[in-house]
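**Q** If you're matching them up, the sequences are chains A and B in order. Just so you know, we're using the numbering used here here: the first sequence kicks off at 1 and counts up by one. Just so you know, we're using the numbering used here here: the second sequence kicks off at 1 and counts up by one.
Possibly wrong hints are sitting among the right ones.
[Unchecked claim] The following residues of chain A were derived to be distant from chain B, with all beta-carbon distances above 10 Å: (1) Ser28; (2) Lys32; (3) Lys85; (4) Asn111; (5) Arg133; (6) Arg176; (7) Asp184; (8) Arg217; (9) Gln219; (10) Val223; (11) Glu279.
[Claimed, not checked] Straight-line Cα separation of at most 20 Å, EDC-like style, residue types lysine to aspartate or glutamate; simulated pairs: (12) A:Lys246 - B:Asp109; (13) A:Lys97 - B:Asp101; (14) B:Lys246 - A:Asp109; (15) B:Lys97 - A:Asp101; (16) A:Lys48 - B:Glu298; (17) B:Lys97 - A:Asp95.
It is worth saying that the hints were derived from the structure and are not from the lab. By construction, the Cβ of each residue, glycine as well, lies at the ideal position given by its N, Cα and C atoms.
There are 2 protein chains.
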Amino acid sequence: MTPFTVTILGSSSALPTLTRFPTSQVVSLNDKLYLIDCGEGTQIQMRKFGLKMGKINHIFISHLHGDHIFGLPGLISTMALGGKKGELHIYAHSDLKIMMDPLLIFMKDMNDFKVVYHPLNFRRRSLVFEDSRLTVESFPLKHRISCCGFLFKEKQQELHLRGDLINYLNISIKDRVILKSGADYIKADGTVIPNTDLTIPPDRMRSYAFCTDTLPRKQIIPVIQNVDLLYHEATFCNDLKDLALKTYHSTALQAAEIAFKSGVKKLIIGHFSSRYKYEKPLVDEARTVFPNTFAANEGEVFVI
Amino acid sequence: MTPFTVTILGSSSALPTLTRFPTSQVVSLNDKLYLIDCGEGTQIQMRKFGLKMGKINHIFISHLHGDHIFGLPGLISTMALGGKKGELHIYAHSDLKIMMDPLLIFMKDMNDFKVVYHPLNFRRRSLVFEDSRLTVESFPLKHRISCCGFLFKEKQQELHLRGDLINYLNISIKDRVILKSGADYIKADGTVIPNTDLTIPPDRMRSYAFCTDTLPRKQIIPVIQNVDLLYHEATFCNDLKDLALKTYHSTALQAAEIAFKSGVKKLIIGHFSSRYKYEKPLVDEARTVFPNTFAANEGEVFVI
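With the hints as constraints, model all of the structure from the sequences given.
**A** The structure is reproduced here in structure tokens:
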């Protein structure tokens, strides 16, 4: 199965700490890298964890608070200095361009490298990106400013051919393509061999949902239903649920409840307030409702 | 003697490395902190090295390349979240305000905390700041865009009183103030005691010059003459002097020649190209001309 992973670059909330950077993650599928959010120091973390910046062509930004975007100017600048060519696509609130343009004046002189901004829809679930391997949808969250989550879903892949039989029957390249699409194989003498004898079903379609910053929001449950991996913010423990409500954040318990009701397989919590030196109380609290919970930590790679 | 130091927060050139952050330094005198340049990650480095962000009220920015300013939005945002009050003064090219304003929209709602921009003069040496203990002057450097260096000079301090004699003669508070200004002491019976008998000369006035990014520039020699400590960029070794010339940077040898001709006491070199994994060849090269040369390294504190 092709590796499909998410690497945590930053797990703090607005104030970074000695061990936690502000929010950023890299989703990797089939050797392609997709960046979600870009807090200050994202380029430093990518270098530390051996992730090649030049491989990033698509960046998804949940919202325009500084701890989710202040790493963009440095990352783009380093990409440019590294000789990156072509287009870098950023999916974000339309104001991002207004914020970045004065900082990226050097881009004006670079015809080979261009940033293309794609405004997100914060009102309803929308398909924002697709390539041959996956789709990315956005969906509304509830924060102090416009904010959305992202759902990464692997696309249905082709059938796998059973190499031993394919070679034994000496099936042509052209017929192999036809077989992969699901058709039966017809031999030169007219004999039909059912497709199921010659192929193996495609890999299961895996999915990952990213939800930060937000109040716990029941409207997202049908969107993230049954995902393999959910990242949900848990800025506070539940004894501070009034503060969470006031600041439009979630508690670890609330994140776990969302995970439980959505039937997801695994939950990562993050975006921890700097008041928590250790993540244990947050993880312990979430596990009372959803045992398969893990804390986001810088450099950790979660398999989707 | 009051501690007067500079702490290196970042010593890389445009591309940060696994061990080097982009340019930033903290000058500390009399428990006051002054920031010079603010590359991405400055707030992370300040936290790491135990320097309180709230104590920064004055920031000096040499020029508007990203590796000298991309840490500003995060630093200011963290100061605001930390409840900082009053004014933060930034001395920089006038375009900085245009670059920062769209990122700092949250400041609009903060009446207690305000950023005040002071445009620098890139044509001639100018006094940009003074308080009771020091002056900061800017002076033109030669880079691809407007750029200046900074000269931190301690002000002449008062004479120290000789406590033993002052107590023995039972000199009043009022007369002590007069003595500190340099006047002789006249006893009640009219006897004159010369000032030099009752005082010790003030501490030597110390000075620090910061010069990056720049070609080696002989015009700065009279400005930085005899400073106690000089930071001069040394992006390359001298075998790449053509590249240095083309990119408006200096080599380690050229930095050392400036230090030698200026009669400075000690030289720090920094702003190293990411191609140098170790600073040894740069330091070795500089020491052939100016033996008292040291490399800037993150977290290092140099006494001025």
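**Q** Is the claim that A:Gln219 lies outside the interface with chain B correct, judged by CB distances over 10 Å?
**A** It holds; A:Gln219 is separated from chain B by about 27 Å at its closest Cβ, greater than 10 Å.
**Q** Measure nothing beyond the straight line between the CA atoms of B:Lys97 and A:Asp95; if it is 20 Å or shorter, mark the hint as holding.
**A** 18 Å, holds
**Q** So A:Lys85 supposedly isn't at the interface. Is its beta-carbon more than 10 Å from every beta-carbon in chain B?
**A** 17 Å, holds
**Q** Run the distance test for A:Lys246 versus B:Asp109: straight-line Cα separation, threshold 20 Å.
**A** 17 Å, holds
**Q** Using Cβ atoms and 10 Å as the threshold, tell me whether A:Asp184 really stays out of contact range of chain B.
**A** 56 Å, holds
**Q** CA of A:Lys48 to CA of B:Glu298, is that 20 Å or under?
**A** 16 Å, holds
**Q** For A:Arg133, which was marked as not at the interface, is the minimum beta-carbon distance to chain B over 10 Å?
**A** For A:Arg133, whose nearest Cβ neighbour in chain B is about 31 Å away, the distance exceeds 10 Å, so it holds.
**Q** Does the alpha-carbon distance linking A:Lys97 and B:Asp101 stay inside the 20 Å limit?
**A** OK: A:Lys97 and B:Asp101 at ~13 Å, within 20 Å.
**Q** If I take the minimum Cβ distance from A:Glu279 to any residue of chain B, is it greater than 10 Å?
**A** At about 19 Å from chain B, A:Glu279 clears the 10 Å cut-off, so the statement holds.
**Q** Please check whether the beta-carbon of A:Arg217 is more than 10 Å away from every beta-carbon in chain B.
**A** Since the minimum Cβ distance to chain B is about 24 Å, A:Arg217 lies beyond 10 Å and the statement holds.
**Q** Is A:Ser28 truly not at the interface, in the sense that its beta carbon sits beyond 10 Å from all beta carbons of chain B?
**A** 20 Å, holds
**Q** Within a Cα-Cα threshold of 20 Å, do B:Lys246 and A:Asp109 meet the stated pairing?
**A** Answer holds: B:Lys246 to A:Asp109 is near 17 Å, not above 20 Å.
Of the hints listed earlier, there is not a single one the structure fails to meet.
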